[in-house]
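Chemist: Sequence:
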Amino acid sequence: MTSHVRATPTIADAHVPESDLLVIDELATHFHTDEGVVKAVDGVSLTVPHGKTVCVVGESGCGKSVTARSVLGLVDPPGRIESGHIWWRPSPPTEPLDLAALDPRAAAMRRVRGGQIGMVFQEPMASLSPMYTIGNQLTQAMRLHLPLSAAEARERAIAQLARVGIPQPEKRFDAYPFQLSGGMCQRAMIAIALACDPGLLIADEPTTALDVTTQARILDLLRELKDQTGMAMIFVTHDLGVVAEIADEVAVMYLGRVVERGSVFDIFDRPQHPYTVALLESMPTAGLSAGGRLNAISGMVPHPGNRPAGCAFHPRCPSMIPGLCDTISPPELTLGDRRSAACHLLDAEVAAPPPPSRVPAAVVAPAVTRAVPAPAAPAPAPSGEPLLSVQGLRMYFPVKKGILGRTVGHVRAVDDVDLEIRQGETVGLVGESGCGKTTLGRCIARALDPTGGRILYRDAEGGPAVDLAQLTSAQLRPYRGQVRVIFQDPFGSLNPRKTLLQLIGEPLTRIRRADTSDSSIQDQVADMLRRVGLRPEYMRRYPHAFSGGERQRVSIARALITRPRLVVADEAVSALDVSVRAQILNLLRDLQDEYRLTYLFISHDLSVVESLCDRVAVMYLGKIVEQAGTRSLFTEPGHPYTAALLSAVPQPDPHRRSQGARIRLADDLPDPADPPPGCPFHTRCPHRDSSICAVDVPQPRRLGAGHLAACHYAGDLVLK
Numbered sequence: 185m186t187s188h189v190r191a192t193p194t195i196a197d198a199h200v201p202e203s204d205l206l207v208i209d210e211l212a213t214h215f216h217t218d219e220g221v222v223k224a225v226d227g228v229s230l231t232v233p234h235g236k237t238v239c240v241v242g243e244s245g246c247g248k249s250v251t252a253r254s255v256l257g258l259v260d261p262p263g264r265i266e267s268g269h270i271w272w273r274p275s276p277p278t279e280p281l282d283l284a285a286l287d288p289r290a291a292a293m294r295r296v297r298g299g300q301i302g303m304v305f306q307e308p309m310a311s312l313s314p315m316y317t318i319g320n321q322l323t324q325a326m327r328l329h330l331p332l333s334a335a336e337a338r339e340r341a342i343a344q345l346a347r348v349g350i351p352q353p354e355k356r357f358d359a360y361p362f363q364l365s366g367g368m369c370q371r372a373m374i375a376i377a378l379a380c381d382p383g384l385l386i387a388d389e390p391t392t393a394l395d396v397t398t399q400a401r402i403l404d405l406l407r408e409l410k411d412q413t414g415m416a417m418i419f420v421t422h423d424l425g426v427v428a429e430i431a432d433e434v435a436v437m438y439l440g441r442v443v444e445r446g447s448v449f450d451i452f453d454r455p456q457h458p459y460t461v462a463l464l465e466s467m468p469t470a471g472l473s474a475g476g477r478l479n480a481i482s483g484m485v486p487h488p489g490n491r492p493a494g495c496a497f498h499p500r501c502p503s504m505i506p507g508l509c510d511t512i513s514p515p516e517l518t519l520g521d522r523r524s525a526a527c528h529l530l531d532a533e534v535a536a537p538p539p540p541s542r543v544p545a546a547v548v549a550p551a552v553t554r555a556v557p558a559p560a561a562p563a564p565a566p567s568g569e570p571l572l573s574v575q576g577l578r579m580y581f582p583v584k585k586g587i588l589g590r591t592v593g594h595v596r597a598v599d600d601v602d603l604e605i606r607q608g609e610t611v612g613l614v615g616e617s618g619c620g621k622t623t624l625g626r627c628i629a630r631a632l633d634p635t636g637g638r639i640l641y642r643d644a645e646g647g648p649a650v651d652l653a654q655l656t657s658a659q660l661r662p663y664r665g666q667v668r669v670i671f672q673d674p675f676g677s678l679n680p681r682k683t684l685l686q687l688i689g690e691p692l693t694r695i696r697r698a699d700t701s702d703s704s705i706q707d708q709v710a711d712m713l714r715r716v717g718l719r720p721e722y723m724r725r726y727p728h729a730f731s732g733g734e735r736q737r738v739s740i741a742r743a744l745i746t747r748p749r750l751v752v753a754d755e756a757v758s759a760l761d762v763s764v765r766a767q768i769l770n771l772l773r774d775l776q777d778e779y780r781l782t783y784l785f786i787s788h789d790l791s792v793v794e795s796l797c798d799r800v801a802v803m804y805l806g807k808i809v810e811q812a813g814t815r816s817l818f819t820e821p822g823h824p825y826t827a828a829l830l831s832a833v834p835q836p837d838p839h840r841r842s843q844g845a846r847i848r849l850a851d852d853l854p855d856p857a858d859p860p861p862g863c864p865f866h867t868r869c870p871h872r873d874s875s876i877c878a879v880d881v882p883q884p885r886r887l888g889a890g891h892l893a894a895c896h897y898a899g900d901l902v903l904k
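Take our numbering: the final residue in the sequence shown is number 904, and no numbers are missing along the way.
These are calculated hints, taken from the structure and not from any lab test. Computed from a predicted structure; not experimentally measured. The C-beta atom is built at its ideal place from N, Cα and C for all residues, glycine as well. Please note: incorrect hints may appear among the correct ones.
[Said to hold, decoys possible] Here are the simulated SDA-like cross-link-like pairs (lysine to any residue), alpha carbons at most 20 Å apart as the crow flies:
{"id": "1", "residue 1": "K682", "residue 2": "D702"}
{"id": "2", "residue 1": "K682", "residue 2": "R638"}
{"id": "3", "residue 1": "K223", "residue 2": "S275"}
{"id": "4", "residue 1": "K236", "residue 2": "L258"}
{"id": "5", "residue 1": "K355", "residue 2": "Q659"}
{"id": "6", "residue 1": "K223", "residue 2": "E266"}
{"id": "7", "residue 1": "K355", "residue 2": "R340"}
{"id": "8", "residue 1": "K236", "residue 2": "A493"}
{"id": "9", "residue 1": "K223", "residue 2": "A212"}
[Claimed, not checked] FRET-style restraints, in silico, Cβ to Cβ:
{"id": "10", "residue 1": "F449", "residue 2": "I695", "range": "21 to 27 Å"}
{"id": "11", "residue 1": "F449", "residue 2": "D777", "range": "35 to 41 Å"}
{"id": "12", "residue 1": "S701", "residue 2": "D777", "range": "48 to 54 Å"}
{"id": "13", "residue 1": "E307", "residue 2": "H487", "range": "19 to 25 Å"}
{"id": "14", "residue 1": "R725", "residue 2": "R840", "range": "42 to 48 Å"}
{"id": "15", "residue 1": "P860", "residue 2": "R747", "range": "41 to 47 Å"}
{"id": "16", "residue 1": "G507", "residue 2": "E408", "range": "32 to 38 Å"}
Using the sequences provided together with the hints, build the complete structure.
Modeler: Shown next, in the form of C-alpha cells:
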C-alpha cells in the first residue's frame, strides 16, 4: 500500500457503540492506475459486534477482499484508502482507534496487525513461506508481539498447533509447508493468525480451495475457537452454504458497496435486495434433478472502473425501474435493528416483504431441502454397450530416493478401478483431494500412460471396442478429438500469448481434420464462440481480457471444437463464484443436449454433482468405493465414506445448522504410497470392525439397480 496518510480524526468523530468491536464507516479504497481511478471499495459501512461472525458475500470483483485487506492496511499499490474510517476498539474502556488514518508501515499498525487482529488468507501454500518451517513462522509471529524466549515460544507454538487440530504437533513444528496437506496448511495459517489471541479474525475465502470434508473440519475449528476465545470474525466468501453454516450477520456487497445487511436468518428468509435474491436463487438446491436448470444471474459484475450510473445492479436486475434505477443511486434504507438495504423498490414498502416473485422458494420453504428428500429413483437403465468401460485400471507413480534415484515404493494413485460410462449420460466422480479423481480422468483422456488395466472405448462407427490404454501416441491421434478435457483453472490452462482464435482452433490443426484451412478454422471458431455465449469478434483478443467465467467458456469452446463424444470436466466450475457457476452449468447442459455429449464430471462440490449428474462414483485412496444413481446415492448411501461426504456438505439454510450430527472423519487421507491393509477407509471409519475391516479388502456389494458399495457391512448400516 502506498504511503498516503490522511489527517487523524479526533475521538469526537467516532461513533462506536460499546457492543461493536469494529466499525467501518463510509470506507473508500481506490486504485490509481494509468487508465484512471478504480473505485474498488466505494463507501462501505459495516459493523462487527464483539464475539460475532459477520460474513461478507458477493461475486468476484465486488470488493470483498479489498475491504478486508483495508482493515489491516494490506492493500497493494497503487491502492490506498481515500476516505472513511475504520474504528477499532478491542475493549469498551479503550478509546477507538481509526485504522484508516494510520500509516500501514507504522508501529501502531504493526501492533494491531497480528497482535490484535489476525488474518487467514485463501491460499495457504502461497501465504506460507516455503523457506521456513511451520514452527519458525509461528514463533516469529508470537515473538513479534509477545515477550517470549525461544524456548517459551516453541512450547506455546506446539500447544497452538495442537489447539487447531494438527496431529503430532511436535513433529509438524519442524515440517515445511510442502510436507503438509492443504487442510493442514490452512490449520497452520489459522494457528499463526491466532498466535497472539487476537480479538478479531479476518478470514478471506479460507475454505474455497478445500474439499468438502476438509472445509467442514475448518469451519468446525473456527466455530470452536470463536466459542473458546470469544473472538469476532469477518468471514469473506462467495459460498452461501458456508454463510448459512457460520454467520451471525451478513453483508452483501456489489461493485464496492454494501447493498444489504442483516442477520443470517433475515438474509436467507426474507432477502430484500434483488441481488441477494438472485444469489440465493442461483445456488443448486437439494432434489434438483439432473438436467434441471439453475437460475443464473444474467451478465456479469461490471469493472469498478466502468461503474453504471444509478444503481450499479440495474443492468442485471429483473425489477429495474427505467428512469429511476438507471439514473439515481439508491440510498441505504434502515429496515430494522442492524438491518438495511439499498434499493429503490423498498422506498414505499420499507419493512414490507418483497413481491413473491422475488423471494426464492428454497428460502421461504425449507421443506424442499434435503430434510425431506424425494423418493429415491433408480439409476438410468443401461442402453446397449457402454461408450467407455474402464477395467482394472491402475496408475502407480514410483517413489525414488538417493543419488541414483532408486525406486523404493509406489504411489497408488489409481488402484484397480472399474467404471462404465454410457452414451449421453453424466457421471460424477467425487472424493477428497488426493483420492485419485484427476489422475483417473487424465488416464481416461490418455494424458497419462496407465500402469495397467484397460480403457475400452467404442467408436461412433461401431465395431469392437478399442483399448486406449494400449495405443501409442500415433495410434491415439484419431481419438484425441473424441475424448476431450475441460480443466479446472481457466487462468492457468490457457496460453496468455495466444489469441482465442489460436487457442480454440489449435485442436483442429493438431488432429489434422480434412478441412483445416485458415478460413474454415476461423468459421468454426466463430460458430463455437457463439454457442458458448461469447461474441465471434472476441477471437482476436487474448485471455487476460476476459473474466474467470468467460475464460472458462473459452476452455469449453476449446474442448468442444472437435465435436467430441466424451468430455472429462475436471473441477470445471470449482474456481468460479456461485452466479458464474450457474451460468457454466446451464451451458454444459445445453451443449450436452445439442451435441449428445457424455460427461465425466470430476468435482468435490456435491451440490453441483447432485444437480448435474445421472450417476455418481465415489473414490477413496485410488479405489471406487461406491457407485449409484444420483438420487439413490444422495438419499441412501451405502458406504460410510459417502455418508461422511454428504454430511459435510454445507446446507444453504441457517435453520438447519444445528440439525443432524456431522460425521467427523479422523485425521487426513492416508499416504497412497503406504495404504492401510484391508479396507482402505478403516483407519477413519466410525463403523469399523478391526477384526475384519483391517484385514480383508471388501468386494463391491449390490444394494439395488446400479448401486454398488465396497463395504463389508454395506446394506446393514443405517447411514442416512
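Chemist: Hints numbered earlier in the text: which of these fail when held up against the supplied structure?
Modeler: Violated hints: 2, 3, 4, 5, 8, 10, 12, 16; rest satisfied.
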